[in-house]
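So the protein sequences, as listed, match chains A, B and C. The number in the working numbering is simply the position in the first sequence, starting from 1, with 1 added. The number in the working numbering is simply the position in the second sequence, starting from 1, with 79 added. The number in the working numbering is simply the position in the third sequence, starting from 1, with 133 added.
To be clear, the hints were calculated from the coordinates, so they are not data collected in a lab. Note that CB positions come from ideal geometry on N, CA and C, so glycine has one too. There may be inaccurate statements among the hints.
[To be verified] With a straight-line cut-off of 30 Å between C-alpha atoms, the simulated DSBU-like cross-links for lysine-lysine are: (1) A:K65 <-> A:K148; (2) B:K473 <-> A:K88; (3) B:K473 <-> B:K412; (4) A:K148 <-> A:K35; (5) A:K88 <-> B:K229; (6) A:K88 <-> A:K3.
[As the list claims (entries may be wrong)] Which stretches of chain B does chain A cover? Using the computed rule of at least three CB atoms under 8 Å from a CB of chain A, they are: (7) 272–278; (8) 378–392.
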Amino acid sequence: MKHLLSAADLDRDQAIMILDTAAELASLTDRSVKKLPTLRGRTVVNLFFEDSTRTRISFEVAAKRLSADVINFAAKGSSVSKGESLKDTALTLEAMGADAVVIRHNLSGAPHRLATAGWIGGSVVNAGDGTHEHPTQALLDAFTMRKHLRNGSGDLDGVRVGIVGDVLHSRVARSNVLLLRTLGAHVTLVAPPTLLPLGVETWPCDVSYDIDSVLPRLDAIMMLRVQGERMHDAYFPSALEYSRLYGLDSARMARLPEHAVILHPGPMNRGMEISADVADSPRSLMVEQVANGVSVRMAVLYLLLGGMKEND
Amino acid sequence: MPLVLRGARPYGEEAVDLVIADGLIVNIAPVGSADGDVIDCDGLIALPGFVDLHTHLREPGREDAETVESGSRAAALGGFTCVHAMANTSPVADTAGVVEQVWRLGERAGLVDVRPVGAVTIGLSGERMAEIGAMANSEAQVRVFSDDGKCVHDAALMRRALEYVKAFDGVVAQHAQEPRLTENAQMNEGILSGQLGLTGWPAVAEEAIIARDVLLAQHVDSRLHVCHVSTAGSVEVIRWAKGRGVNVTAEVCPHHLILTEDLVASYDPIYKVNPPLRTAADVEALREALADGTIDAIATDHAPHPHEDKDCEWGAAAFGMLGLETAFSIAVKTMIEPGLLDWRGLADRMSVAPARIGRVREQGHAIEVGSIANIALVDPTGTRVISSDRLASKSRNTPYASMELPGTVVHVLYGGNITVRDGALA
Amino acid sequence: MDSSRTRIVLDDSDISRAIRRIAHEIVENAKGADELVLLGIPTRGVALAERIRSAISEIEGYSVPTGSLDITLYRDDLRLRPARALEPTSIPSEGIDDRIVILVDDVLFSGRTVRAALDALNDIGRPRAVRLAVLVDRGHRELPIRPDFVGKNLPTSVGEQVRVNLVESDGSDSVTIHEGDSA
Numbered sequence: 002m003k004h005l006l007s008a009a010d011l012d013r014d015q016a017i018m019i020l021d022t023a024a025e026l027a028s029l030t031d032r033s034v035k036k037l038p039t040l041r042g043r044t045v046v047n048l049f050f051e052d053s054t055r056t057r058i059s060f061e062v063a064a065k066r067l068s069a070d071v072i073n074f075a076a077k078g079s080s081v082s083k084g085e086s087l088k089d090t091a092l093t094l095e096a097m098g099a100d101a102v103v104i105r106h107n108l109s110g111a112p113h114r115l116a117t118a119g120w121i122g123g124s125v126v127n128a129g130d131g132t133h134e135h136p137t138q139a140l141l142d143a144f145t146m147r148k149h150l151r152n153g154s155g156d157l158d159g160v161r162v163g164i165v166g167d168v169l170h171s172r173v174a175r176s177n178v179l180l181l182r183t184l185g186a187h188v189t190l191v192a193p194p195t196l197l198p199l200g201v202e203t204w205p206c207d208v209s210y211d212i213d214s215v216l217p218r219l220d221a222i223m224m225l226r227v228q229g230e231r232m233h234d235a236y237f238p239s240a241l242e243y244s245r246l247y248g249l250d251s252a253r254m255a256r257l258p259e260h261a262v263i264l265h266p267g268p269m270n271r272g273m274e275i276s277a278d279v280a281d282s283p284r285s286l287m288v289e290q291v292a293n294g295v296s297v298r299m300a301v302l303y304l305l306l307g308g309m310k311e312n313d
Numbered sequence: 080m081p082l083v084l085r086g087a088r089p090y091g092e093e094a095v096d097l098v099i100a101d102g103l104i105v106n107i108a109p110v111g112s113a114d115g116d117v118i119d120c121d122g123l124i125a126l127p128g129f130v131d132l133h134t135h136l137r138e139p140g141r142e143d144a145e146t147v148e149s150g151s152r153a154a155a156l157g158g159f160t161c162v163h164a165m166a167n168t169s170p171v172a173d174t175a176g177v178v179e180q181v182w183r184l185g186e187r188a189g190l191v192d193v194r195p196v197g198a199v200t201i202g203l204s205g206e207r208m209a210e211i212g213a214m215a216n217s218e219a220q221v222r223v224f225s226d227d228g229k230c231v232h233d234a235a236l237m238r239r240a241l242e243y244v245k246a247f248d249g250v251v252a253q254h255a256q257e258p259r260l261t262e263n264a265q266m267n268e269g270i271l272s273g274q275l276g277l278t279g280w281p282a283v284a285e286e287a288i289i290a291r292d293v294l295l296a297q298h299v300d301s302r303l304h305v306c307h308v309s310t311a312g313s314v315e316v317i318r319w320a321k322g323r324g325v326n327v328t329a330e331v332c333p334h335h336l337i338l339t340e341d342l343v344a345s346y347d348p349i350y351k352v353n354p355p356l357r358t359a360a361d362v363e364a365l366r367e368a369l370a371d372g373t374i375d376a377i378a379t380d381h382a383p384h385p386h387e388d389k390d391c392e393w394g395a396a397a398f399g400m401l402g403l404e405t406a407f408s409i410a411v412k413t414m415i416e417p418g419l420l421d422w423r424g425l426a427d428r429m430s431v432a433p434a435r436i437g438r439v440r441e442q443g444h445a446i447e448v449g450s451i452a453n454i455a456l457v458d459p460t461g462t463r464v465i466s467s468d469r470l471a472s473k474s475r476n477t478p479y480a481s482m483e484l485p486g487t488v489v490h491v492l493y494g495g496n497i498t499v500r501d502g503a504l505a
Numbered sequence: 134m135d136s137s138r139t140r141i142v143l144d145d146s147d148i149s150r151a152i153r154r155i156a157h158e159i160v161e162n163a164k165g166a167d168e169l170v171l172l173g174i175p176t177r178g179v180a181l182a183e184r185i186r187s188a189i190s191e192i193e194g195y196s197v198p199t200g201s202l203d204i205t206l207y208r209d210d211l212r213l214r215p216a217r218a219l220e221p222t223s224i225p226s227e228g229i230d231d232r233i234v235i236l237v238d239d240v241l242f243s244g245r246t247v248r249a250a251l252d253a254l255n256d257i258g259r260p261r262a263v264r265l266a267v268l269v270d271r272g273h274r275e276l277p278i279r280p281d282f283v284g285k286n287l288p289t290s291v292g293e294q295v296r297v298n299l300v301e302s303d304g305s306d307s308v309t310i311h312e313g314d315s316a
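Generate the whole structure from the sequences, applying the supplied hints.
Below, the structure is given as structure tokens:
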């Protein structure tokens, strides 16, 4: 594996290897000396064309715990400003000797382009591209679910996961559907029809417009962030109606099975897709998701960079 | 001394000597019987020089991508003797002054007829009608009006434009794209766009405008031309309209006859085009429609872009592909080889019909005595591997790089003068 | 594997004798077992550490805290091979501070694995002493490292391969030498 661009890049064995590696790394970083020498002398560039402090910090901590040198590069996309293009930025990073580029971009496919256009030789990790994918988020979600529902090992065979919200614009949903399917889980997407992509019926999952009929069967529910501005584009009539029909409040939480866990990729819109009491309940794993994000990203960086380069 | 095209086969039929003098075909004689400056055309098919209804020459304004001269060279090498230069230049071709400038640049290059297309609305803004009459009456004699790149989406304005051009026997060439349904659209809307996370360009955004426009054209009894038809649904609407006697014509681009949306999965912007690449079923329907005449013409939508506008992220890249130098080969591959068109059919779709639609009197003549000698001599058995470095266009954005394509253009005569000889500019 | 070029140097009874002897030496050297921690280096060092624990328990009637120490992340040859999966590291809850840590591995060769293990230990705590127990020492050290407890010294040429098979991982106990190029 040279790049991680899409959750679809991973087969079952690779996905489990990442999760197992993350589990080992998580236990190592519980101790007082958190740093490992593994990526000493390697350079990881965080190339962020879109603001995302939490994802950037997560990758930064992951890389530093493996002793990589980290360069943070905040840039403006070529479509936004007529500043430096992705290509010129990439050539600069290549000249600096980047071994891996972690890229977050507002345009779908930008990481794919960076990996395949011949601009750079290093590994590319997709840290979220447009409305396409966010594979490390899916990995940390799977890691979190596996820990709580499958004792932290193996796959997610038979686990029933509901993903609720703005699937249309969600890279998290796309990556999760792909990865969860690979790991044997059964996914149901729940959203108003306007927030589901055309052709969603061909995706490897079920689709429902009705959250209440789905809740009692779930082992895990993932609430996606819904931007209030979407209502201006007529995706739904009002924030109030959205939260009434699709929001997770304590009444709905009570209809989840006892063991079911609640995930959210953050940042949350409290009062929109999730009520404050649900967000703060012990069944919500948002804080743990953040911690697991570091372990999963360490595992990804280790597996991409820890061995020889593919062209060595 | 007359020019003798020895052994050429008009429309792939019996070999003859075509004798050219004073810009005209003056005699068609048995092979070897004519005297003059002989060009060996043994094995070559003689077709009327191709006429492109849809070419972006980028001048004035984006001379870094293409000029009238470089575009003319590309056109000649592609077997064309006439191109229609689209209006979306900078400044926009919305006045007599700009269209005359483009027309004169074409005359100066002297390789093909450069027929400027006039904008329908001032600045392509879709708000106020441009001075269509002034452009029609200018030296450029504009007959085709289009806001191509943008849709004339205001129904009332479209109606008026359709009515207004009747005074000059003009035609409105519509870029059919409902703007609200295609905001920030990046590719064909379908299963793949959902997977790739690229905003979809739904077929209905094209079909709805075509449906409206054919009804408007019928209502005001005017002539409508539909640019770059790309969907099976559009074909059905046009077929229905023609069946009802609506005066509508349509064109299809070479790339929509061969390429499909799955290429977008590479996120390589070389495949980014508007309207977008569609599905295999659409390709099938377009080929059939071109074969049965529902679609009248092949038009290239030759859209040069500088390298940096394609060597970037998909979403930041420009829409469009080169087409002039490969159109004939794509037509051979998609229409001749499967037996959907014979050579007379191809001559109609690439020369006769577009000349008629554009009201270009000097073009699209049959290969017969008395016709103006605009002739493409092509080798049906020739093949070549496309290399973006060996194109005459100033730009490099061909989607066919490294593909082996059939059919080569060997010689081209424009008004009786040789513009291309042995596959190179004369 | 070509059996004609493979010979057995230790059989199952040789191996259990060697382990019992190592257990005795460890206890004697440490003057008892109560300060010891056994850490096996995956994969086969873990099983060997467990066997030594059980042998010491028979001698001393005390079960020495035993764990595993994966050294993958500390290797100096990471860039020479594809990234590999991690093996579990489990440090006994007693920790290693001020204890005598016995590192256990199957074969001692270049010494690089042990070097990595020492680095790894350094990040976990500060033992009073670190000793090294190996089933086979085949020579050809590349670092100034020597074992404290050895099951068998086995002179080899660099081209030969020494393979330790254990019931836990391979179905039976044996140590073999395979001649020739690395397979």
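Tested hints:
no.: 1; hint: A:K65 <-> A:K148; in the structure: holds (25 Å)
no.: 2; hint: B:K473 <-> A:K88; in the structure: holds (21 Å)
no.: 3; hint: B:K473 <-> B:K412; in the structure: holds (25 Å)
no.: 4; hint: A:K148 <-> A:K35; in the structure: holds (21 Å)
no.: 5; hint: A:K88 <-> B:K229; in the structure: holds (29 Å)
no.: 6; hint: A:K88 <-> A:K3; in the structure: holds (20 Å)
no.: 7; hint: 272–278; in the structure: holds (count 7)
no.: 8; hint: 378–392; in the structure: holds (count 4)
Hint check: no violations occur; every hint is consistent with the structure.
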